[in-house]
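Colleague: Below are the chains, spelled out letter by letter.
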Amino acid sequence: MGRYIARRLVQGLVVILGVSIFVFVITRVVGDPVKFMLPLSASAEERDARREVLGLNDSIPIQFGRFAGDLAHLDLGESTYVRGEPALDVVFDYLPRTIQLVALGMLLAVVGSIPLGVLASRKPGGLVDRVLTTLSLIGLSMPQFFLGYILLIAFTVKLQWFESGPGPWRTHLVLPALCMALPAIGRLAIVVRSAMIDELNTQYVKVARAKGLSQRRILGVHALRNAGIPYVTLLGWEMIRALAGYSVVVESVFNWPGLGFMAKTAIQHQDFYLIQAIVLVVAVIVVLLNISIDIAYKALDPRVKLS
Amino acid sequence: MRNGGSTLRKLTGVLGTLLALSLVAAACGGDDSSTSGGTAGTSAGTNGSSPTTEESGAVGTTVATTGEAAESISIVLGSEPTSLDPHLVDDGGERAVNNNIYETLLFRTADGVLEPGLAVALPTQVDELTWEFSLREGVTFHDGTPFDSAAVVASIERMVRLIGAETTDNAGYFSPLARAEAVDPMTVRVLTSAPDGLLPSRMNWLRIVSADAAASDDITDAPNGTGPYRFVSREVGVAIELERNDAYWGAEPDVDAITFGFVPEAGTRIAGVQSGAYDLMVNLSANDREAVPNAAQVAGIEHPILILNTVEGITADVKVRQALNLAVDKQAIVDAIYGGGATVDAGQVLSETILGFNDSLEAFPYDPDQAKQLLEEAGVAGQTIQIIGESGRWVNDGDLLEAVASYWTAAGLQVDLQILEFSEWLDVFFDTESQPDVLFVSTSLDLLDPDKAATSIHSMNGLASGNDDAELAAMIDEARSELDANRRDELYQQIMASANEKAYFVWLVNTADIYGLGDRVTWTPRIDGLLLVKEMSVSG
Chain A
1 MGRYIARRLV QGLVVILGVS IFVFVITRVV GDPVKFMLPL SASAEERDAR REVLGLNDSI
61 PIQFGRFAGD LAHLDLGEST YVRGEPALDV VFDYLPRTIQ LVALGMLLAV VGSIPLGVLA
121 SRKPGGLVDR VLTTLSLIGL SMPQFFLGYI LLIAFTVKLQ WFESGPGPWR THLVLPALCM
181 ALPAIGRLAI VVRSAMIDEL NTQYVKVARA KGLSQRRILG VHALRNAGIP YVTLLGWEMI
241 RALAGYSVVV ESVFNWPGLG FMAKTAIQHQ DFYLIQAIVL VVAVIVVLLN ISIDIAYKAL
301 DPRVKLS
Chain B
1001 MRNGGSTLRK LTGVLGTLLA LSLVAAACGG DDSSTSGGTA GTSAGTNGSS PTTEESGAVG
1061 TTVATTGEAA ESISIVLGSE PTSLDPHLVD DGGERAVNNN IYETLLFRTA DGVLEPGLAV
1121 ALPTQVDELT WEFSLREGVT FHDGTPFDSA AVVASIERMV RLIGAETTDN AGYFSPLARA
1181 EAVDPMTVRV LTSAPDGLLP SRMNWLRIVS ADAAASDDIT DAPNGTGPYR FVSREVGVAI
1241 ELERNDAYWG AEPDVDAITF GFVPEAGTRI AGVQSGAYDL MVNLSANDRE AVPNAAQVAG
1301 IEHPILILNT VEGITADVKV RQALNLAVDK QAIVDAIYGG GATVDAGQVL SETILGFNDS
1361 LEAFPYDPDQ AKQLLEEAGV AGQTIQIIGE SGRWVNDGDL LEAVASYWTA AGLQVDLQIL
1421 EFSEWLDVFF DTESQPDVLF VSTSLDLLDP DKAATSIHSM NGLASGNDDA ELAAMIDEAR
1481 SELDANRRDE LYQQIMASAN EKAYFVWLVN TADIYGLGDR VTWTPRIDGL LLVKEMSVSG
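Chains as they are written, first to last, in our numbering: chain A, 1 to 307; chain B, 1001 to 1540.
Do not take every clue at face value.
[As the list claims (entries may be wrong)] Reference excerpt, derived from the structure (chain B facing chain A, CB under 8 Å, subset only):
1. Gly1172
2. Thr1268
3. Ser1456
Keep in mind the hints are simulated off the structure, nothing from the lab. Note that the Cβ used here is the ideal one computed from N, Cα and C, for glycine as well.
Isolated chain B (complex conformation):
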């Protein structure tokens, strides 16, 4: 017996040692893992709900992560913020969290109209390059530092510095900024390097940090804004927690505390909303609307579109480009593929609420007979047309492309649809030397302004442009630097009409943002896609 005992002891000893080594490693790693606070895991661990009933499992998550507060909300994102520095990355997860912590000089209404924020009014123009903002009194950062012109100047200069150092991903939003100067403690002037009609929109996007924080090149570990919620803790890979800022200058938010979780799988997010573990999920597919207690939909800023090569190949002929538009039944795509979670684009890449929307334009009708006829007139019937696309990056993108390809086949073309892996697709997208017949992309109306879409795919100088239209490019440059909003509107309307007339694209749809909501939450989603918890309310 003694002998045998020792054998088993040795065996278990060996295994035990290996496991113990593992646990030691785990414990050591654990110390490093909490970047700041990191209490979420601990509280979740000690909550110790029994796994044997469905209720306790679900409650375990909610209670563990929100503490004793009754009016807390648990939001699940598709990916974890890649940084909590409000100036470094261009990342939906980062915005979802940080827009509750940090604020901007101008806000937008849920419909997208600019309104005063940390500034008390929209800016006034001093001259072509200078905009003056009056700041709100009585605002403080979470650490108690008063908000004043020094903070605004420091925030703008930090962004300019990070752009110069090539370390921020946000150069596209802020490169026209030159510098800022304080007129007095509550008045700031922002200077641009060229006349910039988008400056007010940019100031809705630039988060204001304190002057102290602005001195650092990476403030991911110390979030400190003026917003309605303050940072509490982060457990990397697991959760970020915020709590209400009781010193907030604006109306007191209804929700006391926020927990952000991160789940890439949509199915898993849905299951979490069903069980009550999460109150709100992002990126719900229209076809899953029935799976959650409530679904909320708003027109998004994404417009999947096909860029046609107007310079060479089969698509150089405008008749062919028109035929490609006429051949596609856009409404059928909205109904069948998007389940109503999209709207047909009106022959332009803009939605109605965006400046520059041309309401005299309409979507190409679905007319397969005319499409066939035009292709025959152009002498290309039966020829091959190549589409370069990808699948999985945007909502239903693969299905959308398959549908387009079958419509074009029906119209009498040989369609060579290439669905590439995203990384390979990027290589084609970035390749300015050669252009396929048809390149699929989803254009987003960043800053709720037409400029980026115009610059990147309409202008011949753009990264993914398919045309060589110098006149159009000049018009786009002019529109960007036009300071009068009415004149800008007119210019973009002309740009949209010109692109439509020459059928530079196959316009498809504007995809909606759909959110899954649990029973406790009341919220109307915003057109700019921001998740502002101060606009949400919870019950029970």
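Only chain A is shown next, with the shape it has when bound in the complex:
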């Protein structure tokens, strides 16, 4: 297991390096942060002088050499948007709020999807199943920016139960977390349902029924456990998508100042250093999450070999 984790970490390192190089080249080729730093009236000479100070006039290989050298001691440069702040510090200022959002969102997704999926699986094709499956489909096919605005209009503007923007989690975080959770609930519930239907038709469940085990035990103890692997796979995927993708949309819609919100701002201002730092940190988290998911398989099913 230790050797397995070590190998996955090395693989992860290669992935992170690849992503860094990709982002480095893309930003340098298409962008120019100086355009957004200086006022419109600044002269061409001023702009050029600023590019010189930032080292952006050097060739891309030279810039990359400098980037790689600094990266070796975890220096990702200074943000050009949050002026003068080390980019990594900015990331750690905003990351906790994204983690809160994703954690609450995924918690809601788990709490919502398992009962729904189990309920739907009890009588496949029945009324409950059809209603729940339809609801799941609606949930998972609704774009998040759209869902977000519907939630905002309903619960923040009309009912005024929640507020948008930064604030205490009960008033400010529940709604964006719900927006993150609802499509995930749809996808996860469908997996729970089909895995449960498969399991409930297996020989061992029939044996369990025959020997008189309660429905609750059969579901909760035997079937659910075997449905766990596809579920954890999808949940891991949901977490990664939430962290590395959906957070940008959800945080922007709800004005929640997390890393996704900052990522959008950094891209708008073509802040290379901040974009790089955000992508790098998110890549590290994704690699770690993937390793955790593999370990979770092992925990759920001891027959799984980590190799």
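Add chain B to chain A, keeping to what the hints say.
Modeller: Frame of chain A, contents of chain B only:
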């Protein structure tokens, strides 16, 4: 049962571990996040209002962020300051916060007239390059350091140093500054590298920092000014809090404490003012005036304008340029697009209160028939004219351009209106090699002075100029270095008249700054756009 329990336990264990990891990360990050103090989030978190009623939700925000003080104000900005260093960035969010913390040698009245500030009088000229200021006695910085000529000299030299190092964005405001010298502890001389008629206005813009602070190249983490409010805390991305400086030298402000929040979405800012979470919001659209308890409007410093290429292409003919002006119904644009939140420019890029305003000039009348006729005389009817614009940067800019394009189409031109993404538009704007027929920009009258508008779009040497008029450029250079205010006024009036006569632009409107106010706040907005909380009062 035992067996099943362990399965569920494992499942929840796995999930729990992932969540726990998240929380640990959150906690670690939390330590780093508070750059200085950072208590806003904590107090907001522990306030713990119930989310189930609308009142408690709204009160939760206000109470949590302002503590026990009754007379506090909550202001919502469109963007967070990108720095709290008063010399590094040119950023509206930064000014909104820092102008309550830092002060300048000269102030302006709400109408924009220069008046004494940290200096007791307007400066006197010693010679062409030297201006002398007498400083106010009995002023101290928030940390107790007395304000004196050393602080002023250090502040000016810091700006000169930052300009030299190319690290400040404010070179455009301060590049003529050369150095400063203390005559005595309460008298300072400011020296410029060339005669500079704008020096007093510049000294309304340069925030004075203490001599200690001036030694550092980045003082974003330690705001320390002489102003009516002192820095309390900042939670990055969330809020900045200030409290009243009880040792303030001027009249005691009415408001005890300020919380600044940051919300890019106008709709969300409006909702916050409606619920009472915010007392004051910036950048209210005229069409949303009814949505807030009170709206306050003042003539802003932004003038959206179309720069015509007078050198080549269809717009090289003055008749065409006049026709383009005559074809547009400016008043209809003000009414329909700006909802009254703008005024028609009088054939010049200046508003009445600005030096150089020429009151003999008038807006081109709306005369579509004459426009058509002029285009036909010029032989360009039916030809294509290209407009390069963008949408979203300035108030209603996209709608404005669509309207202009349809007026020109009605006058008999094929209009190729290109609304570019802001970044692409910047590329065109900065490109001095080639010039489109028509380039849209919004010019701002920084320093409440015509110089920047004249230099950047009127002078042929300007970044976005469309003409090659050497005579006009020479006049602009002369006006900048003219020290006599009356003579400067005359020169700019001539510049405005000359540009008007040759129809170098299509003049449009001056957009207003509109603020949304809650019921508790009384305030008259300022023409210079500064949010000075010492001029506000709150009740209840």
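Colleague: Do the numbers back the hint for Gly1172(B), that is, is its least Cβ distance to chain A under 8 Å?
Modeller: It holds, given that the least Cβ distance between Gly1172(B) and chain A is near 5 Å, below 8 Å.
Colleague: Would the hint on Ser1456(B) stand, with a C-beta cut-off of 8 Å toward chain A?
Modeller: Holds. Min distance 5 Å.
Colleague: Does the closest beta carbon of chain A sit nearer than 8 Å to the beta carbon of Thr1268(B)?
Modeller: holds (5 Å)
When the structure is compared with the earlier hints, no violation turns up for any of them.
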